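Produce the complete structure using the sequences and hints provided.
Protein chains: 2
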Amino acid sequence: MSIEIPEKYRHLFENANFGSLGTVRPDDTVQVSPMWFEYDGETLRFTHTTKRAKYRNLQRNPSMSLAVMDPDKPVHYAEARGRLIEVVPDPTGAFYDQLHRRYGGEGMIPPDAADRVILVMSIEKVNGQ
Amino acid sequence: MSIEIPEKYRHLFENANFGSLGTVRPDDTVQVSPMWFEYDGETLRFTHTTKRAKYRNLQRNPSMSLAVMDPDKPVHYAEARGRLIEVVPDPTGAFYDQLHRRYGGEGMIPPDAADRVILVMSIEKVNGQ
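Line by line, the protein sequences give chains B and R.
As numbered in my numbering, the first sequence has no gaps in its residue numbers, which increase by one up to the final residue, 129.
As numbered in my numbering, the second sequence has no gaps in its residue numbers, which increase by one up to the final residue, 129.
If a hint is listed, it holds; no wrong ones were tucked in.
Incomplete in silico selection of chain B near chain R, CB under 7 Å:
| # | residue |
| --- | --- |
| 1 | F18 |
| 2 | S20 |
| 3 | G22 |
| 4 | V24 |
| 5 | T29 |
| 6 | Q31 |
| 7 | V32 |
| 8 | S33 |
| 9 | P34 |
| 10 | S65 |
| 11 | A67 |
| 12 | M69 |
| 13 | P74 |
| 14 | Y77 |
| 15 | E79 |
In silico negatives: residues of chain R with every beta carbon more than 12 Å from chain B:
| # | residue |
| --- | --- |
| 16 | Y39 |
| 17 | T43 |
| 18 | R45 |
| 19 | I85 |
| 20 | P89 |
| 21 | G93 |
| 22 | E106 |
| 23 | A113 |
| 24 | D115 |
It is worth saying that the hints were derived from the structure and are not from the lab.
As the structure is a prediction and not an experimental result, all values here were calculated from the model.
No residue lacks a Cβ here, since even glycine has one placed at the ideal position from N, Cα and C.
Okay, structure coming up:
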């Protein structure tokens with residue numbers, strides 16, 4: 001279901017850059033927010049909770065788009081488009097802890113661990129410059 | 001129609017940061033792309049052309065959302081939500097030239113100046129952290 005990220009954009013997703021994740025709200029308006037993520041070679045994975053707006057948005061419309069800019073040269077960027085294909089419960093917050101380390105922290109179990117989930121996004125198209 | 005950007009977020013929009021602009025495609029999927037912009041104290045203004053996807057998206061669904069991260073500390077960010085309220089023709093590319101300078105360039109009239117427009121976005125809500 002997912003395509004491979006073209007090599008010229010892959011470093012944007014492999015490095016610990018912040019992404020800007022777009023989703024569509026129930027009223028058909030758009031939401032964009034910065035997100036940590038991990039690219040596992042096939043899908044993009046985010047830590048989130050079942051209590052927040054993006055989770056509700058995705059229940060109605062599974063479309064997701066992640067734009068990542070090169071922090072050293074932001075005109076170089078890629079947008080990965082896809083959709084929510086799986087929600088994996090993460091009740092110990094282990095994936096949050098893993099991303100916290102990926103983004104330079106020391107690891108941390110979040111206070112809302114009980115509600116934590118992993119959002120798994122397919123990659124159906126990648127464009128950029 | 002627009003609200004003021006709260007002071008704690010205003011520097012994100014006043015500085016020449018890249019924004020991530022979300023729009024909704026005609027098939028109800030989401031698009032996010034990096035954009036130059038200018039905050040004039042009331043609206044957000046972007047240079048674009050009438051030939052490109054975002055312009056077509058906005059004809060059907062005027063919703064726009066711009067997320068801007070602090071490049072030095074990306075957990076500090078703001079999302080401005082609003083909609084397209086005006087399209088101003090820019091056939092000489094003057095606004096592109098202005099943004100090119102704002103973002104550290106020497107100014108430039110783009111080759112597609114004839115199709116250039118200024119997208120004017122209202123600011124209806126701002127949140128962030």
